[in-house]
Structure formats: structure tokens, C-alpha cells
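Protein chains in written order, with our numbering: chain R, 1 to 1227; chain A, 10001 to 10201.
Keep in mind that a hint or two might mislead.
Estimated spans, in silico, between C-beta atoms of each pair [to be verified]: (1) R:Thr626 with A:Arg10089: 55 to 61 Å; (2) R:Glu1031 with A:Pro10044: 43 to 49 Å; (3) A:Val10123 with R:Glu879: 15 to 21 Å; (4) A:Arg10021 with R:Gln250: 38 to 44 Å; (5) A:Val10123 with R:Thr626: 55 to 61 Å; (6) R:Thr884 with A:Val10123: 18 to 24 Å; (7) R:Gln250 with A:Glu10062: 32 to 38 Å; (8) R:Leu184 with A:Arg10031: 41 to 47 Å; (9) A:Arg10031 with R:Trp1116: 42 to 48 Å; (10) R:Ile522 with A:Arg10031: 44 to 50 Å; (11) A:Arg10031 with R:Lys480: 50 to 56 Å; (12) R:Gln250 with A:Val10183: 28 to 34 Å; (13) A:Pro10044 with R:Gly921: 29 to 35 Å; (14) R:Trp1116 with A:Arg10021: 45 to 51 Å.
Simulated from the structure, these hints should not be mistaken for lab results. Where is the CB? At the ideal position from N, CA and C, for every residue including glycine.
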Amino acid sequence: MENCRILNRIVEINISNVKYADIELSGNTCFVGTNNFGKTSLQRAILFFYSANSRGLGISASQKPFEEHYFRYENSYIIYEIATEDKPFFVIVYRHNKIVFRFVDAAFDPDLFFTANDDAMKIKDIIANMEKRGIYISNQIDTFERYRNIIFGTETDKQLSKFHLLKGNEKYQNIPKSITNVFLSSKSSVDSRFIKDFIANSLTTENSSIKLEQVERQLRQFNEKYSDIETYLKKESQQLIELIDKKYDQVHMLKGAQMEMADKLGSSLRFAESQNEAIREAAKKKEEELDLLSAEHETIKEQLEGKSNDIREEIGYYDRTIREANKKLKEYKEKNIDAAVEKNNEREKLQVELNIARREYESLTSNVASIELKYSSLIEQLRNDKSAYVNKINSRTSEIFNHYNELQLLQKNEFNKRDAELKQKREEGIGEVNAEVTSKQIEFNELKSEEKVIRTTRFYEQEIKSLENELAELRAVNYKNKSERAIKQNMVVTIQREWEALETKLKASLNNRVNQTNNEIIKIKNEIKDIEGKLNVQHDAFYGFLEKNVKNWHQTIGKVVNEKLLFRTDISPELKQETADSLYGISLNLEPVEIVSKSIEEYQFEKNERMAQIRDLEEALNLFQTANNEEKMLAADKFGKQLGELKEDVKVLSYSLELAEKREQKLGHELEDWSSRAGKEVEQSLSGNRQRLNIIEEELAILTKKKNLLINDFTTQFDKLKAYNEERLAELKERQESEVSELEVEKKNQVKEFENKEEELGKEKDSNFKSKGVDAKQLKNVETRMKELQEALKEIEQYAQIISDYLKDKRETFDRLPDLIQKKDEFVKTNNDLHAQLEETTRKFNMKRMELNKQKRAFDEELIDFNNGINFYSNNFRETPVYTKYSDIIERAESKRTNYHIMDLCTQLLKNDSHFNEEYGAFQRYVNEFAGKFRIENHFNFVIRNDASQGEYERFAQNLRSFINENKIELSIAETATQIGLVTDSIATKVKELSGQKDKIQHIIGLIAEDFKKAEFEESKLIEFIKIRLEESDNKVYRLLKRIQEFREENGLVYNEGLFNTDFATGQKREISTRAVKLLEQLRTAIKEQEQEEIRLQDLFELKFNIKEGMNETGWTHKIDSIGSTGTDILVKAIIYITLLHVFIKESSHRSSKDFKVHCIIDEVGQISAHYLRELLRFAKNRNIMMINGLPNKSGLESHYKYTYQFRREENNNVRIFPSIVTEVEA
Amino acid sequence: MLAEDYNLPKQTHEIFSVMARGNFISSNGTRDGMNRLYDIINNPENFDRLQAYFNVIRYNIERGNNFFYFSKLHEANSELEKKLERFERYIDIIDLFASMDNKITIGSRFRPGEIAEECNANVRLKQKLQKIPLYRSETLHNKVREICDLMSRDSYLELEDEKTESYKVLDSYTYLLDVINSVAIYEDSSNTDNAQGLIYN
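The shape of chain R in the complex, shown without the other chains (with noise of 0.2 Å):
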């Protein structure tokens, strides 16, 4: 038994198919066996000993996992036998479900897990027997990770820390890391790439690279998101958002409009179609309204005919009566009536006084009777003679008068027939033409009340009045909405200030927290250089001599050194044995005393930890900044909600402002028209009544000519009939007088001649009473008196008939003409009352028919403009698409009275379709060409379909407002920002993480290349050197990335307020943020075009070597093919791998740790020459390695093995190992 530690034995019960084989390791070992008898299995199982992974074992997918595989049964077991300094103890490997370890603390017995039958016994059974043994055996170990610790000697566990095989420091599973390695590489060549991997993996884990397809995925976010931000914020974009906006208001407008006038349609239709029959009974109703209305004003008319007649003739009779009188009146006074009435009334007083005169004169000639007698008889014959003569004559000449007279009055009749003829027919024609004129005249009259009637009548009243009331209600929504707009615009303005402020405060905040973060950083970076400043000269420094010379001089000197002195290069320390134990040689007991030096791994964990201490800076600077955003997220979904929905509802009020605007003009325009259609209708009436006047104007004119000329021509007639009826009468009485005058000449002759002989009498009587003494003179003068009285009463008598008539007629006639001229008058105002009240009967029945006719007019016209409307419909509306997309409106609408004609909203509606389709077809290229702008899968889900329905269409303008209104695109702006600052932060970290392996790279490359240097190769003067050299990475992503790094370095963590070519993008911000952009978008591409899955630790630089084989130098390159025969790059590559084990081994075990010795596993060395293999296996022992390899067969070269196993399949199948008998050549 060696004294060191060594896996010294493995053990395989039910494993695969071998049933057990026992296999010692505790040199140099062999496997000899021809492929696929499980050389590489047993190989894989020794490997597991010391990587406990079973999935890095390099089974490949197509074969079963390692647990299916050799943990076939229940009662399959490894067991790995570990030799101590004392006594051995071993691992138990079973399966119980997953895989388990168990430590026993003895060395390894068959009897432990066989039976008498040697049948392997079940692990309780096992476990059982070995407490029955007292033998110690630990719990069961769960997880590969633990029993790793244990293995290399990290447990903690007092019970478990003795089975360790080595003690390994922090960094020990490099050991089987590079173990794995070397036995999965099976490449001939030597490739420095390998190498680096190699390097890389045992210094890495699985998870310490940088996945590119993670970054890209980050990276694509990002561009996606920033190209989508950008084609948003161009100038087209907005041009088209702003139509989109205005057409998806006008479509929207044209819409409802459509979507009202088809309410009205089916309104109209409904209505229509209810009132076509009750239209039709109420025009009927009409009509016989109509009638009765004619017949009534038809008889009033008649009675009040029939009264005027009478009262007319009553009228005709007194002004006959009136007029006879009056013109009797006038004869009378032509005949100077009041003189003979005046000269009547003195007749009695005359009568009296020529009675006196008688009595005097009998008195007088009583004396001379006689005498008297005589002379009176002579006288009175003479007288009478005369008399009779006169009288003859007078008859004569009344016989001529009256002859004339009565020639006189027949010409005077004649004329007076004629006269009355002509007046006759004079009336006649003048009656006509009268009657005629009042017709017209009544015509006239009632034309002017109809007149009267019209301008009084208002047209389409309830339409007006419905309208201007429509209009009423909207001015006050419009007011009610206009003071509600400015409400919400300064609610708008007041949040939008709160809005910014709060930014501006989250900003500064964000700000302050980035300043006073990376302060601190700077502060800890500080404190890490100088750490690493330590670390890196610890080697050459006094610290360095310390570690390497003086045992546990950290509880010594430790105590007492100046920390600055142990970091000293300067200082040159020398071992002097003497006071090696002393202080200058002063003993000191520094038990109590604190120790103040620190050892490499508590500087390694300060730096560590101050490492953290930023990393943990950054992702509070990170969390706090993602709060921000959060808060700044939340600021903007809650303020631009509210700005949203204000937004809104300004916009909504607005637009209904413009509704009602439009809905206002539009009504004006409609109550115009209404008013200028009732003016129209009272314009039309007036027109045709006008016109009726007019012509009955011209008519009357006519007719006042007519009569006019009438009655010119019957003054003519009259004239001419006067001029002859006065010409013949002249003549007549010419004639009269000429013959009575002619009989006047005779008569006076002749009555001179009486009178000479009555004066001859007279003397003889005179000068006979003279004789007889009769006073003649007294007698004279009485008989003078009594002529004077005589004839004065005979003058009377000749009026005496005028003056009878006279009284007659004034008793009977004049006296009364007061009362008949009133009571004419009476009979006119009856008359003129009558009249007026006809004309007021039929002024308010032409109105009352006026009305009614109207009525029946409407009536009418409304029932043939709804036949027309639903003709209209039926035949040129109802089949076409506007019904189709309307029907439902225009079934459901309710029954109503609208102001519009059926016809004219189905015209309007199709007119207005065919306007809405081309609205909407401008509405859905803008949706289209906005939508088309962004890529399919646009953050902002700005997406339509090319078959999407006018809904989708429609919420699509709706969302674009939304996101507007809601500003969400600085939501967008600020999360792109934030996500720039996150993808170069995860890059920048992830680089950070991965480059800061670097300098371990540097470290055990410098210990490869020293220990190639101590290389015995000298001795066989095989290989003279191998150099090895690190070089900068050519790759280009990780050059990006690096590039990355240092950018996030250069700028810190906030960068990215100029992302985009808004307002708060200034200057140098902007230009940042631009460069950082055109990074990550070279990162992008250069991951593309590289099509590398990930960058890991080996992408991060570049190894070279150098080997000398002989003559042969290969010079630095990266892979060597061949520097000579196969068997020499087998050694080589061998050589290369141990070396880098023992790197590895040396630098992750504890330096206490140094008897310990671990396996390399090189499968297929068969090409190898004995002498290689010997210098290979000698080149291993100097560095505690024993090797285990595969050979196809046997060859010789087993002899240079401690052990060789043969492997042979049995029968059954079945894998048989069993030890072959050769000799140890050399060890």
C-alpha cells in the first residue's frame, strides 16, 4: 500500500454487463480489449469517481444515460475503493431513483454485498450487515455536488471531511474538469483551440458564457422596437397618422349621418305605411267638410240676398218718392209757389175789402138807379160785348196756346218718351255694365280678404316651429358643451403641467441616484485596484516569501507585520534559523494578539465581495432605475389615461361641437328654406290672387270705360234729343206766340175800340149823373178800387189750382221728405250692414274653404308623396347594398312624422353611400399604408389585416388615437430607452464576468509554460521544447461586446434620454445614445454573419504554441497537424494534457495537500511507441499522475503497466475483466 491517498480499486456489481469485476488502479493501468466490449465504459465509470456528473461522461444522446445504462438493477453498484495514509475506505454508488453515494469508512470485503450465493445483496440489506459489523457507513449522499466536497475534501461535515481523496481549495473542480477533458479528447491533432477549451472549461461552468443567441434575441428586441419607434416618428408616418385621424372623423361623420337618415328612412317608411289609409279617410272628411261648408254659406248667402232685395226696393221706392218730391218741389218754386201762396193768403182780406167797395158804390148810385141802369146795362152790354170779345179772342188765343201747349206736350211727351227711352236703355246698359262691375268688384273684395287671409296664414307653422325649437335646444347642448370643452381643456393643461412635473422630479431623482451610485463605485473600484495591486505583486513581495518559507506565519508574523510592509518588493527577506521564531530575537507569546495579515483567498474574497458590493450598486441603480420607469410608467398610464380620456372627451365635445355646428347650419338652412318655402307659398297664393286682381282690375278698368262710354253716348243721344225737342218747342211756341200775339194785336185793337165806346158811355153816363148831381169822382175812385180788388182777386184765382196742388202735395208729400229721406237712409245702412256682413260670411268662408282645401292638399300630397316614397324604395332602393348595410336600422326604426321625403332619403342615402365608399376607401389606404410602414409584429400591434372588416378598420383609427391621446409612444420611447440601457448592462456585465476569467487564463497559462519548461524532455532529447503563449482575440462579436463593455464603462448607465429625435434629445446625449445604437446594431449583424452560438471564455483570446520535436519546429501557430508521427503527437498531446492536469491539480488543491495521487484517462494510446509510452508514464509519475488507457490488443506495451485487465464477452453476453499476467517493465 502506497502512502498517499489514490483511487485504489473499483468495483462493479451488476454494472452493464459485466457482473462483477474488481479492478485495481493504484498504478499505472491497462485495458486491453478489442472495441465494443466495454473498455471506455469501465473507463467512464472510473471517470465518474472523479467529475460525479453523469452527463459529462461524453455519452452521446443517440446511447441510454449513464444511469439507465449501468444502473441496470436494483442491486447494480460502484464501488470506488479510496488508500489512505492509514486504511482505506470506499464509496458506495447505487441507484435509488436517481444515483446516491455512501461512504464506508472500511476497506472494500465481497462479503459486504454478496450473499452465500453470491447473489449481490439490496442496499438495506447491505447497509444492514455493516451496522451488524460496526462497520461506520455514511447517510445517503443525494446530490453529485456534495459528494464532490467530500471527495475533494470542502465538507465541512466532521463525519464525511476524512473521505476526501485530496484537499481542494474553492477552485478544485478544475481536477475533475480536466480529468473529464482529457478523456474526452480524442482528436489526434493538437489544436490550441482544444487547449483553450480545455482551459476554459475547467476554469468555467456551464453557465459562464455569454449565449449570443440570448444577446441577439435582446438585440433584435431592441432594433425591432427602435425601428418601430422611428418609423413612427417620421415625417410620412405622422401625415398619415393626422389623416387617418381626419378621415376616420369624417367617415365617422358620414356614418352617423347615414345611420340617422336611414333611422328617418324607416321612420318615414313605418309612418307611411301606417298612415296611407287614415290619410286617405281624413282627405275624404275633407272634401265633405268642404261641401257642407259651401252649402251653409251657400244659403246664408241667399237670406242675405233676399233681405238686401227687399230692402233695396224699399231703397228704390223712397228714393222715387224722395226725388218726385223734390222735383215737384222744384216746378212749384219755378212757378214762384211762395209768392201766389204768400199772395193766396191776402185773398180773403181782398174778397172783404171789394165787398166794402160794393156796398160804397150802391150806396153811391141809389139816386141815379135809372141812369145807372141805363149806362151800367150799356156799360155791362159793351162789357160783356167785350168781354165776350176777349173771352172769343182769349179762347181764341187759348184755343192757339193750348193748340201749341198741346203740340208743346206732345213734342215734351214725345221727348219725354224718347228721353225716358234712352234712359231706359240707358240704365239698362249702365245696370249691366254695374252689375257687371260689382260682380267683379265682390270678386275683387274677396281676393283681397283671401289676400289679407294669406298674409296672415303662416305656411309649414309646425315645421318651423319644430325647427326653430331643434334649434333652441342645440344652442343650449351647444353652450352647455362649449363651457364643458374649456372645463376639460384646462383639466387637460393642468394634468399635462402635473404630468411634467412629476418627470422632471423623477428625472432628478434618477439622476441624483446615477451620480451618487457611480461616486460610489469609483470608490469601490479604488478600493479592488488596490487589492489587486496586492494580489498581483503578493508573488515577488515579502507576502510572497512568507508563504513560501514560513509555516503558518500568519500566526506569527501575522500578528505584528505592517500590512503595507507585506506587500513590499523592496524589502529583500532572508531566512535566518535563528530567530525564526522571535521578533529581532525577542520571543513574544502572541496567542492573544489578533492576527492582522490576511491570507490570498481573504483578499480574493474582499475583492470578491467589494466586486459584489458594485454589482450589487448597479442592480439597485438598475432596480432603481427600473422603478423610475415604472413609477414614470405608471405616471404616464395614469396622467395619460386621464389626458387620454380628457383628450377624448374634448375631442368627442368638439366634434359633437362640430355636429351641432353643422347640425345648426344645416338647420338654419332648413328653417330658411321652410321660411322661404312659406314665403314661397304665400308669394305663389299672393301671385294668383295678385294675378286675379290684376285682371279683375282690368276688368273693372274695362268696364268703368264701357260705362263711360255709355253714358257718353247716351249724353249725345240725350243732347242731340234735347237740342231738337228745345229747337221744336221754340218753334212751337214761336209760332204760339206769333199767332197769339197776332190775335193780342187784334184783341187790343178791338178791346180799345170797347173800351173807347165804354168811355163814351162812361161820359154820357158822367155827364148824365153830372147833370143829375151824382159825385162822379168819389164814384170813380170806388169803382177804381174795385177794378184794382177785382182783378187782384182774379189774379189769385188764376194760381188758386197751383196753390191747392201745392198744399196738397207739401201736406201730403214735402212735409214728410225728412222722414223718408231718413228712413232711405235707414234702409242704405241696413243695406250697407247686410252687405258687409255677406262679404264678412264670405270672407270667412273662402277662408274656412281656403283651409280646408289646404288641408285636402296636403293630405293629398302627402299621400301621393309616401305612395311615391315607398314606390321609390321598392323599386329603386330596396334592392341595392345601402339597404343592406342599413336594414337593420331601417327595420327597427319606430313609426314617426319626419320633414323629409322618403324619395329624397333613399337619393340622399345612396348619394351619400356612394361619397361615404370613397370616404372610407381614402380612410382604409391611409389605415393600410400607416400599418405598412411597420414590420407584422410591431410592438405597437399597428396591424391590419388586408381583409379586416370596416369594425376593425374603424378600432384600429380608434386604438391610433388612444395611443395619441395616452402618449404612448414616450411609454414606448422610455421602455426602448430603458431596454438600450439593460441589453448593454446585461452585455457589459456579461463580458465583465467573462473577461475577469482572463487573468486566471494569464495565470495558468504561465504555469503550463513553466512547467513545459521543466519538462525532463532533455533526457530523451525526444521533444526538445514546447512554448505556449497567449494573444489577443481576433473574434469579432467578442470584440463588439468588449467594445460594448467599454462603452457602458465610458458612459455609465444612463445614456439613453437621446435616443430618439424628440425634444429632451440634446446634443451629446444624442449623439451617445446614436453610438451606442450603431454598436449594437454591428454586435447584431456581426452575430448574424458569424452564426456562433456563444462567446466563451476561449473566444476571449488566442493560445499559440511552439513545439520542437527533433529538427522540427513548428513555430506559433495555432494547431499543430503533425510535428512528426502519430505515435509522437499522441505523446505530445498526452504530455500537453498531463501537464495541464497537473496545472490544474497544483493550483485547485489546498498546498497543506500534497500526498495524493489522481488518474489520467487516455483512451486508444495504441499507436504509441514503448519508448514514448515509458517516457509518457515517467512524465506522468513525476507529476503524482497514473495513467489508464485503452489498448485494442494485446502488443507489449501492457508491460509497462502496473496492472492490465483483458475484457472478453462470455456467452451470455456477458462482459468478463479479468487481470492479465505481464510483468511491470518500468514505473
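Chain A: place on chain R using the hints.
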């Protein structure tokens, strides 16, 4: 004079290789960074430089509504005629596209299957599609595919998603519409067989 003397953008070669093939660069094209190329040409400074540069090699950059293309200075008539002939076949295609229920306009996204389906359901459209010459595909779907393929090659469409076979109409479609719209069709009255002629203006 070298290209460097013009201080040209990096993508000049790329721009040239697209447009010299007679293709368009549209602002809404996303494949092969077409929108980036558009932005580069659309930058006034770049535009002047590129124009000056290309004019030397007798090409002129023409600006359409959100797209660019090359025209050749002093092009031979025979070349022009060939170009016009190329447009002839688009008349029926545009006619078909314009007759669809869901009109295909700039930015529209569609799949050939959708168009074929609509054509199948509408006799008028089906006839229009069948009338389109040049294509020998048996099914309507394949015919529409060929049309889309042709239009993609001429850079009027872009195959946006190969999996779903989704095409997007590019801004250059305007050019096609403009050219087609400026074609006046007249009937030759002297010709009895009602032959139609084309006037390009």
C-alpha cells in the same frame, strides 16, 4: 474620380445593386434593410452625392412617393419599348387587384390563398384571373402565387413571412398604378376587328 471623393454612404454599392436591376427602394420595405436604404437615399445630403455619383455612370435617381428608382439618361427607344411591354401584363393584374372586395393598396398585407379564395367565390374575379396571360399554373392559387412572385421580383410586393406566405404591398406600387393610369386605351375606328391600341403618356 473615385467613389471616396464623393463622400458616399457605405451602402452605395448595396443601393446600386438593387436599383440597377430595375428594382425600387421603398420606404415600407423591410427585407434586406430596404427601409434603411430608403432613409439613406432620402437624406438630402446623401441624395445629392448619390445623384452626382450615379449621373457619372449615366443613371439618374428618380424620387417617387416614398420610393426611389433608377432611370437611365438617354435610354434607347428599343429599351423604352421593352419597358412598356413589361407594364402591359400588369394591366390585367392591377385590374384584378382593384376589383377585389378588399382593395389592395399600399401597405396592404395579404396571402395568395386569400385572393385565390375570393376569385373562386366571385365569377367576375375568376374570369379576370384566368384572363391574365403568361401563366400556365393549373390552380388559381398557384396562379396568384406566380403573380405575387413576379411582383416581388419587380419589387412591388415583399414576401413578409415565408411561413404564412404573407405579402406586403410596397410603396413602389404607386409607380405601377401611375403608369397604368396614364395608359389611355383607344379604339381604332378604321379597324373593323375592334383591335385596341395603347397610348402611353
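Results of checking the hints against the structure:
no., hint, result
1, R:Thr626 with A:Arg10089: 55 to 61 Å, "57 Å, holds"
2, R:Glu1031 with A:Pro10044: 43 to 49 Å, "46 Å, holds"
3, A:Val10123 with R:Glu879: 15 to 21 Å, "19 Å, holds"
4, A:Arg10021 with R:Gln250: 38 to 44 Å, "41 Å, holds"
5, A:Val10123 with R:Thr626: 55 to 61 Å, "60 Å, holds"
6, R:Thr884 with A:Val10123: 18 to 24 Å, "20 Å, holds"
7, R:Gln250 with A:Glu10062: 32 to 38 Å, "33 Å, holds"
8, R:Leu184 with A:Arg10031: 41 to 47 Å, "43 Å, holds"
9, A:Arg10031 with R:Trp1116: 42 to 48 Å, "45 Å, holds"
10, R:Ile522 with A:Arg10031: 44 to 50 Å, "46 Å, holds"
11, A:Arg10031 with R:Lys480: 50 to 56 Å, "55 Å, holds"
12, R:Gln250 with A:Val10183: 28 to 34 Å, "31 Å, holds"
13, A:Pro10044 with R:Gly921: 29 to 35 Å, "33 Å, holds"
14, R:Trp1116 with A:Arg10021: 45 to 51 Å, "47 Å, holds"
In this structure, none of the earlier numbered hints is contradicted; all agree with it.
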